[in-house]
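Top to bottom, those sequences are chains A and B. Using our numbering, you'd call the opening residue of the first sequence number 16 and step up by one each time. Using our numbering, you'd call the opening residue of the second sequence number 19 and step up by one each time.
Treat the hints with care, as some may be off.
[Claimed, not checked] For lysine to any residue, the following SDA-like pairs were computed, each having C-alpha atoms within a straight-line distance of at most 25 angstroms:
#1 B:K225 / A:S106
#2 B:K275 / A:G205
#3 A:K139 / B:V246
#4 B:K275 / B:S265
#5 B:K227 / A:Q151
#6 B:K286 / A:S250
#7 B:K217 / A:R334
#8 B:K219 / A:G198
#9 A:K139 / B:A243
#10 A:K291 / A:S403
#11 A:K291 / A:Q151
These are computed hints drawn from the structure, not numbers from a lab.
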Amino acid sequence: MNFSEVFKLTSQLCKFSPDGKYLASCAQYRLVVREVRSLQVLQLFTCLDQVQHLEWSADSLFILCAMYKRGLVQVWSLEQPEWHCRIDEGSAGLVASCWSPDGRHILNTTEFHLRITVWSLCTKSVSYIKYPKACQQGISFSRDGRYLALAERRDCKDYVSIFVCSDWQLLRHFDTDTQDLAGIEWAPNGCVLAVWDTCLEYKVLLYSLDGRQLAAYCAYEWSLGVKSVAWSPSSQFLAVGSYDGKVRILNHVTWKMLTEFAHPAAISDPRVVVYKEAEKSPRGALGRPACPSFRAAESKYEIAAVPVSLQTLKPAADRANPKIGVGLLAFSPDSYFLATRNDNVPNAVWVWDMQKLRLFVVLEQLGPVRSFQWDPQRPRLAICSGGSKVYLWSPAGCVSVQVPGEGDFQVLSLCWHVTGASLALLSKDHFCLCFLETEDEADGAIGQLGAHT
Amino acid sequence: MGDWMTVTDPGLSSESKNISQYTSETKMSPSSLYLQKVLCSSIPLSKNVHSFFSAFCTEENIEQSISYLDQELTTFGFPSLYEESKGKETKRELNIVAVLNCMNELLIRQRKNLLAQENVETQNLKLGSDMDHLQSCYAKLKEQLETSRREMIGLQERDRQLQCKNRNLHQLLKNEKDEVQKLQNIIASRATQYNHDMKRKEREYNKLKERLHQLVMNKKDKRIAMEVLNYVGRADGKRGSWRTDKSEARNEDEMYKILLNDYEYRQKQILMENAELKKVLQQMKKEMISLLSPQKQKPIEKADDSTGTGISDVEEDPGELSRESIWDLSCETVREQLTNSIRKQWRILKSHVEKLDNQVSKVHLEGFNDEDVISRQDHEEETEKLELEIQQCKEMIKTQQQLLQQLATTCDDDTTSLLQDCYLLEEKERLKEEWSLFKEQKKNFEKERRSFTEAAIRLGLERKAFEEERASWLKQQFLNMTTFDHQNSENVRLFSAFSGSSDRDNLTVHSRPRQKPYRVSNGSPICTSKLTKSLPASPSTSDFCQTRSCVSEHSSISVLNMTPEETRPNQVGGECANQKWSVASRPASQDGCCSECSWTSTNSHVEKDGLP
Numbered sequence: 016m017n018f019s020e021v022f023k024l025t026s027q028l029c030k031f032s033p034d035g036k037y038l039a040s041c042a043q044y045r046l047v048v049r050e051v052r053s054l055q056v057l058q059l060f061t062c063l064d065q066v067q068h069l070e071w072s073a074d075s076l077f078i079l080c081a082m083y084k085r086g087l088v089q090v091w092s093l094e095q096p097e098w099h100c101r102i103d104e105g106s107a108g109l110v111a112s113c114w115s116p117d118g119r120h121i122l123n124t125t126e127f128h129l130r131i132t133v134w135s136l137c138t139k140s141v142s143y144i145k146y147p148k149a150c151q152q153g154i155s156f157s158r159d160g161r162y163l164a165l166a167e168r169r170d171c172k173d174y175v176s177i178f179v180c181s182d183w184q185l186l187r188h189f190d191t192d193t194q195d196l197a198g199i200e201w202a203p204n205g206c207v208l209a210v211w212d213t214c215l216e217y218k219v220l221l222y223s224l225d226g227r228q229l230a231a232y233c234a235y236e237w238s239l240g241v242k243s244v245a246w247s248p249s250s251q252f253l254a255v256g257s258y259d260g261k262v263r264i265l266n267h268v269t270w271k272m273l274t275e276f277a278h279p280a281a282i283s284d285p286r287v288v289v290y291k292e293a294e295k296s297p298r299g300a301l302g303r304p305a306c307p308s309f310r311a312a313e314s315k316y317e318i319a320a321v322p323v324s325l326q327t328l329k330p331a332a333d334r335a336n337p338k339i340g341v342g343l344l345a346f347s348p349d350s351y352f353l354a355t356r357n358d359n360v361p362n363a364v365w366v367w368d369m370q371k372l373r374l375f376v377v378l379e380q381l382g383p384v385r386s387f388q389w390d391p392q393r394p395r396l397a398i399c400s401g402g403s404k405v406y407l408w409s410p411a412g413c414v415s416v417q418v419p420g421e422g423d424f425q426v427l428s429l430c431w432h433v434t435g436a437s438l439a440l441l442s443k444d445h446f447c448l449c450f451l452e453t454e455d456e457a458d459g460a461i462g463q464l465g466a467h468t
Numbered sequence: 019m020g021d022w023m024t025v026t027d028p029g030l031s032s033e034s035k036n037i038s039q040y041t042s043e044t045k046m047s048p049s050s051l052y053l054q055k056v057l058c059s060s061i062p063l064s065k066n067v068h069s070f071f072s073a074f075c076t077e078e079n080i081e082q083s084i085s086y087l088d089q090e091l092t093t094f095g096f097p098s099l100y101e102e103s104k105g106k107e108t109k110r111e112l113n114i115v116a117v118l119n120c121m122n123e124l125l126i127r128q129r130k131n132l133l134a135q136e137n138v139e140t141q142n143l144k145l146g147s148d149m150d151h152l153q154s155c156y157a158k159l160k161e162q163l164e165t166s167r168r169e170m171i172g173l174q175e176r177d178r179q180l181q182c183k184n185r186n187l188h189q190l191l192k193n194e195k196d197e198v199q200k201l202q203n204i205i206a207s208r209a210t211q212y213n214h215d216m217k218r219k220e221r222e223y224n225k226l227k228e229r230l231h232q233l234v235m236n237k238k239d240k241r242i243a244m245e246v247l248n249y250v251g252r253a254d255g256k257r258g259s260w261r262t263d264k265s266e267a268r269n270e271d272e273m274y275k276i277l278l279n280d281y282e283y284r285q286k287q288i289l290m291e292n293a294e295l296k297k298v299l300q301q302m303k304k305e306m307i308s309l310l311s312p313q314k315q316k317p318i319e320k321a322d323d324s325t326g327t328g329i330s331d332v333e334e335d336p337g338e339l340s341r342e343s344i345w346d347l348s349c350e351t352v353r354e355q356l357t358n359s360i361r362k363q364w365r366i367l368k369s370h371v372e373k374l375d376n377q378v379s380k381v382h383l384e385g386f387n388d389e390d391v392i393s394r395q396d397h398e399e400e401t402e403k404l405e406l407e408i409q410q411c412k413e414m415i416k417t418q419q420q421l422l423q424q425l426a427t428t429c430d431d432d433t434t435s436l437l438q439d440c441y442l443l444e445e446k447e448r449l450k451e452e453w454s455l456f457k458e459q460k461k462n463f464e465k466e467r468r469s470f471t472e473a474a475i476r477l478g479l480e481r482k483a484f485e486e487e488r489a490s491w492l493k494q495q496f497l498n499m500t501t502f503d504h505q506n507s508e509n510v511r512l513f514s515a516f517s518g519s520s521d522r523d524n525l526t527v528h529s530r531p532r533q534k535p536y537r538v539s540n541g542s543p544i545c546t547s548k549l550t551k552s553l554p555a556s557p558s559t560s561d562f563c564q565t566r567s568c569v570s571e572h573s574s575i576s577v578l579n580m581t582p583e584e585t586r587p588n589q590v591g592g593e594c595a596n597q598k599w600s601v602a603s604r605p606a607s608q609d610g611c612c613s614e615c616s617w618t619s620t621n622s623h624v625e626k627d628g629l630p
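Please model the complete structure; the sequences and the hints are all you need to start from.
Right under this line is the structure:
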């Protein structure tokens, strides 16, 4: 495991290009594009103001930089550095901006969600979509880039519009049976749209591409409901995390619940492996170092003997958005594992085995888990908890790696390279790359680890 | 309570009456004064006997007394004290015999009376104590009654309290329910109100938004614009198309195509899954049939089982004709048939397995019985052997005693000494012969011992080899297991476990019938079963049988034949203690055996002395 030098960064804006060749990052009003392999600066663009949002087009040719404060979007081309495009939303303001999947249109949401403007880079044409709903996840493109589902609100009722992305033609428009729609998401196969209601009500609705309601699921009433939703990459499962601290898995045939994963603070199942991060203690406590990296790690994982009770957080009941329930959910790329975080057990990551539909591993960190992300290629989970360490878990074992460099590099967020060969670690105003061994080496190393742990 | 008082001997009472009569009559007697005195002091009677008699009868009034007594006695029905007078004038003579008889009679009566009195007194005492006891019982019971009554009252009170509490709780529950209902109503009303408010707010918000939209969007805002250096081509290289009805139709078509593709894909998957399941089902069925069919040939099988298989076979036949096609048919047509036959076969299998279980348990029982028998036989053999040994020893002792006697007697007479010399010579010869025999035996035993040690060594080697083999096999197995990648490892483990268990099952199944013929043919099931039980890792049972017999023989012989060189008088006890283990199971014979052993050892000692 090697680490690059540390580069400057603002607002955690650092993205790998979808083809994996480049890395774009923003420092104040400068956009820097580097080659991933050599980390040499390829292009340097200067924007009009401090960038607040950065996004690669799907074909990795263009980079969008949004400056919401000024209502401005600037687009840069990697192929033609002299080409430039500037979109000004004027007095309408700007709160969100994103690429369409073809990489030739930009969707800008104006302030107060008055409308969405679709700007084309190919023609002069501008399209407007009225009544977009201001919600958690109101826009969803299907994975193949063919369709856009958009949540709308008209006359105090929720609607979903499905657009064909190639010509922005409205394909379907239907109302949803929700009180206050909170989010929508396409299944990876692009045929089913999951719609969920606001947190005040537990309701998950599933719509077919042609607007038919396939199923509705409600686990309970009179309590805070859905907090997070994730599709498995195989489209076979829909995982719904809710405020009651449970994840419910729906199947794609009957859309009924397959199983529910409770997140108890006490783990007593002897089949579950509990990795507990521990401060580095003199070697020999377990007879072996938990981290064989080239630098001595300051923490290591120990296998705790079940039953284990995890640290829980008492949520403030009188505040909005209480810290309870399953707030983070992610399926591994092969759909074999599901990683979750229960917000009132902030230090733990649960990894569930989706083949046996049971808890597989629990990782208890020393600090609260900020985010985690699966390697796009393998069942390998990278976790960061706001400290100077990055944690990797695979079925073979897990490691804690100290990020080298002077000063404290607090990893607030991370993102994987598309091949899983490297990992960008983002702190408040710096970032660095972490190169993992090539596949064979990595497998060997992990295998070794597995033998250790 | 007064009943017991009345229970008195009627004879006694009548007697007492008699006595009273008698006393009343005595008043007429001349010495009634004395008599009264006597009656008053009746308890110290024995003391005053002399004085009483002397007082009653004096020199002067003998006649009177006699006549008085006679009168008295006659009234009581005694014969007269006087002799029958022949004439009226003649003075009546005192009949001494009658007097004595009367006295005797009186004494007897007196004794009887005393006895009766004693009896009555003891009965009285008994009854008194009985009464005391009953009174105490009565008091106790009364107390108990009181306490239980009090307890009952307490319990009733508690019950009442609990009921009261329960009522209160019910009331509380009802109140709570009402509260919940009220709260739910409040929540519902609040929710509707909230929704209403929300809608109102949203409408206002929408109005504002609309207004804003008009203000911001409709006015030509110069700033809302896009500056592009030059328009770029589309990613697919095509030109943008106009939105027309045609394009709309095309979009619809495409959407349905996508949906259709998805459904087709899913159908294909389901079909594949179905086919797989069908395959499994078929395989299961086949295996069931193959598993169950060999049983049919067994004549022992139960009638219902055979009919069951027969039916299933009958049902099989049409399927057999078009086996391939039957699986291609939609499930609905075949389902019933298939499930029925599977269910039937499953039932058969189940019953079969149950039967097997029963058999196994039976075999277990039999096995235990066998073991019992074996041990008994073993014991019997052992006892026989020991008895034989004892017999031999006894004989030897007898001859030795004879020899000693002969030796002792020879000292007396010269002629006899001469004879004795001859005897001695003869004896010497015989002893020599015996000595050589012993030596030969010893040699044989040595040989045997050597062979046994060799066998033991061989056995050790064999075991070692087996251990090595097993270790290597385990290693290989483990390596095989570890070569699988992680995701499969669980399955593999499962599979291996399954196969392992099946192997074990096979083993047990095979080993059982193998044992049976062995027992029958060998005719000595003692060693095999015992050994296989105690040493599961034995290379071969027959080898062990040999070695074991060798061991037993050797041990018994070595104990018996303590060579003279080895035995010392002070070691005898130790030897005996050592020997105990072999006879420990028979405590009755133990002592005898021990004594015998000591006998033999001392004997041998003597023998050694006697030898040149």
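Hints and how they fare:
no. : hint            : result
1   : B:K225 / A:S106 : holds (19 angstroms)
2   : B:K275 / A:G205 : holds (12 angstroms)
3   : A:K139 / B:V246 : holds (9 angstroms)
4   : B:K275 / B:S265 : holds (15 angstroms)
5   : B:K227 / A:Q151 : holds (20 angstroms)
6   : B:K286 / A:S250 : holds (16 angstroms)
7   : B:K217 / A:R334 : holds (24 angstroms)
8   : B:K219 / A:G198 : holds (21 angstroms)
9   : A:K139 / B:A243 : holds (10 angstroms)
10  : A:K291 / A:S403 : holds (17 angstroms)
11  : A:K291 / A:Q151 : violated (33 angstroms)
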